[in-house]
Amino acid sequence: MSLDLNQADATAIATAVRTGELSAKTVVSHALERIATGDRALNAFTDVMTAQALADAVAVDRAIAAGQDPGPLAGVPFAVKNLFDIAGLVTLAGSKINRDHQPATQDATAVAALRQAGAVLVGGLNMDEYAYGFTTENSHYGATHNPHDLTRVAGGSSGGSAAAVAGGLVPLSLGSDTNGSIRVPAALCGIFGLKPTYGRLSRSGCALFASSFDHIGPFGRSVRDLALSFDLMQGADPHDPVCTSRPPEPCLPQLGLGIEGLRIAIADGYFATGAEPEAIAAVEQVAEALGAVQRVTIPEAHRARAAAYVITTCEGSTLHFDNLKQRPYDFDPGTRDRFLSGAMVPGQWYVQAQRFRRWYRDRVRELFQHVDLILAPTTPCVAPLIGQEKMTIGGTEVLTRPNLGLYTQPLSFIGLPILSVPVQQPGYLPLGVQLIAAPYNEALILRAAAHLEAAGIVTAAAVIQS
Amino acid sequence: MTSSNVPELVLNPEQYVDQMSQILGLPIPPDCRPGVVDNMIRTAAIAQLVLEFSLPTEIEAAPIFQP
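One line per chain: the protein sequences are R and U, in this order. Just so we're aligned: 433 in numbering that gives the first Met the number 0 is position 434 of the first sequence, and the numbers increase by one with no gaps anywhere. Just so we're aligned: 52 in numbering that gives the first Met the number 0 is position 53 of the second sequence, and the numbers increase by one with no gaps anywhere.
The set of hints was computed from the structure by calculation and includes no laboratory data. Any given hint could be a false lead.
[As the list claims (entries may be wrong)] Listed next, with one range per pair, are the computed distances between beta-carbon atoms:
id: 1; chain 1: U; residue 1: Pro28; chain 2: R; residue 2: His238; range: 48 to 56 Å
id: 2; chain 1: R; residue 1: Gly455; chain 2: U; residue 2: Ile22; range: 56 to 64 Å
id: 3; chain 1: U; residue 1: Asp37; chain 2: R; residue 2: Ser244; range: 29 to 37 Å
id: 4; chain 1: U; residue 1: Pro28; chain 2: R; residue 2: Ala40; range: 32 to 40 Å
id: 5; chain 1: U; residue 1: Glu57; chain 2: R; residue 2: Gly455; range: 44 to 52 Å
[To be verified] Which bits of chain U does chain R cover? Going by a derived footprint, with three or more residues having C-beta under 8 Å, they are:
id: 6; region: 11-19
id: 7; region: 22-32
id: 8; region: 37-44
id: 9; region: 56-63
No experiment lies behind these values; they were computed from the predicted model shown. Even glycine gets a Cβ: it sits at the ideal position worked out from N, Cα and C.
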């Protein structure tokens, strides 16, 4: 049986490599070729580690020839958002300023974990500068293009991570999510993107943005790939003060447990307002497949979004304060004025936002006593055009960029685990639906996603540019 | 709980930005000033959604310090 390397997921690739059906060198060479040709149109990559990747692939093949098992991701090519430290490379975090930094001396914890499992790192991926965006329109490195329609954004801030997977350049990538930066690009590019529980995965070795909300997570084209990579990255890490010491809970073995007995509800109110009809229809489609009829109201979600905004702008601006003071013109014009103004937010606003966060978290905890999973749209619409300043949603003209995070921001605000699952619209653009659970219940989310995938409701074939 | 500084900011956002620039020691390049002012106005309106919401006194800030 020959594997279609353009469409094979990471699990299938690793199986083929571990059984000797394919060499890691063949797999990685194919990926590098795909990147060389396919990335011209997408602009997903900012660094490609050709020599290192091939050397790593050869090492995987040697280990297999010696009777060793390189791990469950043996030979799988993967790439990471360029805010992850990669040993030997400068961690750009989407910026020009960081070009002046010394190269990272070691891989970020999550990167090391995947390499430890045999995966082969092929490069760094484009993002919005310092993660402050939902579109990956980067003035220094260019916009990343959506594989489904090259005139459209890939979403952000992990646009490169989503486009690289959706465009069939690599089967697996990593990104980060502060207010939606994994979920939005996953939705707009039509793939799976997992934002786990806040603190579940170590952020050590990642350039941060707003520590109250920064999460890291995987992108992939199959539920099993997300479960596998998530499992591999779990574990306490004293180098990340936010990382939980809760023991890992493997999700991959639980994927086949199904959805019987799960109480699943659709978020109404805020999450059913201000969306294009097809975004709502995607949620309804997923709900029907899961047998969900109940509705649930997440209270004061508009205030949660507001509070997340205030905290984000304060923390992000403080982090970059010295550079804002010394070299403001080296920032992306798309982030500069936002960061400058964020430094001016009164402390009282920030504290009030953090107090509201506790109140809101407690209300949502109460909801999860009665439901296991909540469904909501990931974005209010399909991918907008690159450079599009305004968009019309439900008949109202709104600013494009901040509104892409309308439904993601109130939820990452309290660190809930969320998977964006892809709903394809044949002949049109994909959408995402958020599967939301209580903290540490990633397994329930992934079980539901596996059910949807088996039923053909959520799919993520790679879009190969000819 | 209402904040008295939000109306002030909305009335005089340029003044606010200029004064905060001085207080913070954060120079605002002249061609960035309109964008910074616009963003400050926007942030103030957004913050109002949080500030106008009455919270019980016993609700503490979410982050907890572990000594």
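Starting from the range 29 to 37 Å, see whether the pair Asp37 (chain U) and Ser244 (chain R) falls in it by beta-carbon distance.
44 Å, violated
Return holds or violated for the Cβ distance of Glu57 (chain U) and Gly455 (chain R) against the range 44 to 52 Å.
50 Å, holds
I want to verify a distance hint. Is the separation of the beta carbons of Pro28 (chain U) and Ala40 (chain R) within 32 to 40 Å?
At roughly 36 Å between Cβ atoms, Ala40 (chain R) and Pro28 (chain U) fall inside 32 to 40 Å, so the hint holds.
At least three residues with a C-beta closer than 8 Å to a C-beta of chain R: is that true for the region 37-44 of chain U?
holds (count 4)
Verdict on chain R covering the region 56-63 of chain U, criterion of 3 CB contacts below 8 Å:
Three-residue rule met by the region 56-63 of chain U, so holds; n is 5.
With respect to the beta-carbon atoms only, verify the hint that Pro28 (chain U) and His238 (chain R) lie 48 to 56 Å apart.
37 Å, violated
Between the region 22-32 of chain U and chain R, are there enough contacts, at least three residues with CB-CB distance under 8 Å, for the coverage claim to hold?
holds (count 7)
Assessment of proposed distance window 56 to 64 Å (beta carbons of Gly455 (chain R), Ile22 (chain U))
59 Å, holds
Taking 8 Å as the C-beta cutoff, is the stated coverage of the region 11-19 of chain U by chain R satisfied by three or more residues?
Held - the region 11-19 of chain U has 3 residues with a Cβ nearer than 8 Å to chain R, which meets the minimum of three.
In terms of the numbered hints stated before, the structure departs from hints 1 and 3, listed from lowest to highest.
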